[in-house]
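J.: For reference, the chains in residue letters:
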Amino acid sequence: MDDSLMLDANAVAGDLAEMFGYDVTASMHCCSHCGNRGAMATLLAYIHGPGIVLRCSICHEVVVRWVRTPTRTYLDARGAAYMEVATR
Amino acid sequence: MPEPLAWQIGTVTAVRPESAEVKSFTLALPAWRPHRAGQHYDVRLTAEDGYQAQRSYSIASAPSRTGEVELTIERIPDGEVSPYFHDVVRVGDKVEVRGPIGGYFVWEPALGGPLMLVAGGSGVVPLMAMIRERAAAGDATPTALLYSSRTIDDVIYRDELASLASSNHGLQVVQTLTRSQPPGWTGYARRIDSEMLGDVLRGLGPQPLAYICGPTLLVEATANGLVELGLPPARVRTERFGPTT
Chain H
45 MDDSLMLDAN
55 AVAGDLAEMF
65 GYDVTASMHC
75 CSHCGNRGAM
85 ATLLAYIHGP
95 GIVLRCSICH
105 EVVVRWVRTP
115 TRTYLDARGA
125 AYMEVATR
Chain X
1072 MPEPLAWQIG
1082 TVTAVRPESA
1092 EVKSFTLALP
1102 AWRPHRAGQH
1112 YDVRLTAEDG
1122 YQAQRSYSIA
1132 SAPSRTGEVE
1142 LTIERIPDGE
1152 VSPYFHDVVR
1162 VGDKVEVRGP
1172 IGGYFVWEPA
1182 LGGPLMLVAG
1192 GSGVVPLMAM
1202 IRERAAAGDA
1212 TPTALLYSSR
1222 TIDDVIYRDE
1232 LASLASSNHG
1242 LQVVQTLTRS
1252 QPPGWTGYAR
1262 RIDSEMLGDV
1272 LRGLGPQPLA
1282 YICGPTLLVE
1292 ATANGLVELG
1302 LPPARVRTER
1312 FGPTT
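Those sequence lines, one after another, are chains H and X. If you want our numbering, it's the 1-based position in the first sequence plus 44. If you want our numbering, it's the 1-based position in the second sequence plus 1071.
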């Protein structure tokens, strides 16, 4: 990993909004590895590979990743114990 | 629940050079929505063969400017999107954008302060939106901007920052030039370090709310430095934009 290329999840907020239907950067998540709870925007984003990887800002383990094809998005969020999204 | 973001076609209504490598582009938007200072827009270019390139650019204008938005864009020499803006885009051109985006790296007067803003290079853009919003709202939150640039010619919004700092109650602008300094320079002349952060913090009062934006390594060092100086991590918000160019 080249840490000078690391961004915040804020940088991929548009793609996240596409998947979740609205802007989730201020929504809370809980890391399933270390239990840290924080805003989605605090996740560290690695965007220069074929897919996008979001890592915990505390333990640096993978929380969310996704890959897009021309017709599908494959989302793996097993690194999040839960996500909290506003429904109204 | 807010409505999903949709792509829309904006029209460039003004292009203004800010420094040798930086220009501001004003876009008129048919589906304009009020933004919060610190948010960004995604910009998407589509080639004739269908290839698309997408980047995020921070909003520089205050939310009080309705119907339009100003994006300040630094030219990245081997970039896919920024050279197009710098070399090709003219007033009247159409560009595809979606936004405003981001609910975390945002500030509005209701969030209070004191406000500690730290910028490296074009990381000043979202912080400038906060400074402009503060000025437009007549807000008096004690605010310090610590802004690192390579040379005096790389300083974005130079005249506006000078005039805001002299006329605006409670706004302090502290600059450091890391590569070269003009004759008579009275600001700092090194990379942001703990001593510099301490100097600026002392003038601000207790428990400031900090926003740091710039190259990733500057953001990391500054965020760690502020926490070591006693700021609670929850009071430090960061936006990294990648490697130094």
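No lab work stands behind these hints: they were computed from the structure. A quick note: this is a predicted structure, and the numbers were derived from the prediction, not measured. Every residue, glycine too, gets a C-beta built ideally from N, C-alpha and C. Treat the hints with caution; some may be incorrect.
[Said to hold, decoys possible] Derived CB-CB ranges, DEER-like:
#1 X:E1167 / H:G65: 38 to 48 Å
#2 H:M72 / X:E1119: 41 to 51 Å
#3 H:Y66 / X:E1139: 36 to 46 Å
#4 H:C78 / X:D1158: 40 to 50 Å
#5 H:G95 / X:S1237: 28 to 38 Å
#6 X:R1261 / H:R122: 40 to 50 Å
#7 X:E1119 / H:C103: 38 to 48 Å
[Stated by the list, open to error] Computed cross-link-like contacts, SDA-like style, restricted to lysine to any residue with a CA-CA straight-line distance of at most 25 Å:
#8 X:K1094 / H:E62
#9 X:K1165 / H:S76
#10 X:K1165 / X:P1180
J.: Compare the structure with each hint and give your call.
T.: Hint check results:
Between E1167 of chain X and G65 of chain H the C-beta distance comes to about 20 Å, which lies outside the given range of 38 to 48 Å. About 43 Å separates the C-beta atoms of M72 of chain H and E1119 of chain X, a value consistent with the hinted range of 41 to 51 Å. The hint said 36 to 46 Å for the Cβ distance between Y66 of chain H and E1139 of chain X, and at roughly 23 Å that hint is violated. Against the hinted window of 40 to 50 Å, the Cβ-Cβ separation of C78 of chain H and D1158 of chain X comes to about 46 Å, which satisfies the hint.
For G95 of chain H and S1237 of chain X, the hinted distance range of 28 to 38 Å is not satisfied, since their beta carbons lie about 49 Å from each other. At about 44 Å, the CB distance of R1261 of chain X to R122 of chain H agrees with the hint of 40 to 50 Å. The hint said 38 to 48 Å for the Cβ distance between E1119 of chain X and C103 of chain H, and at roughly 45 Å that hint holds. Between K1094 of chain X and E62 of chain H the alpha-carbon distance is near 29 Å, which puts this suggested pair outside the 25 Å criterion.
For the given pair, K1165 of chain X sits about 44 Å from S76 of chain H by alpha-carbon distance, which is inconsistent with the 25 Å threshold. For a cut-off of 25 Å, the pair hint linking K1165 of chain X to P1180 of chain X is broken: about 33 Å separates their Cα positions.
Of the hints listed earlier, those the structure fails to meet are numbers 1, 3, 5, 8, 9 and 10, in rising order.
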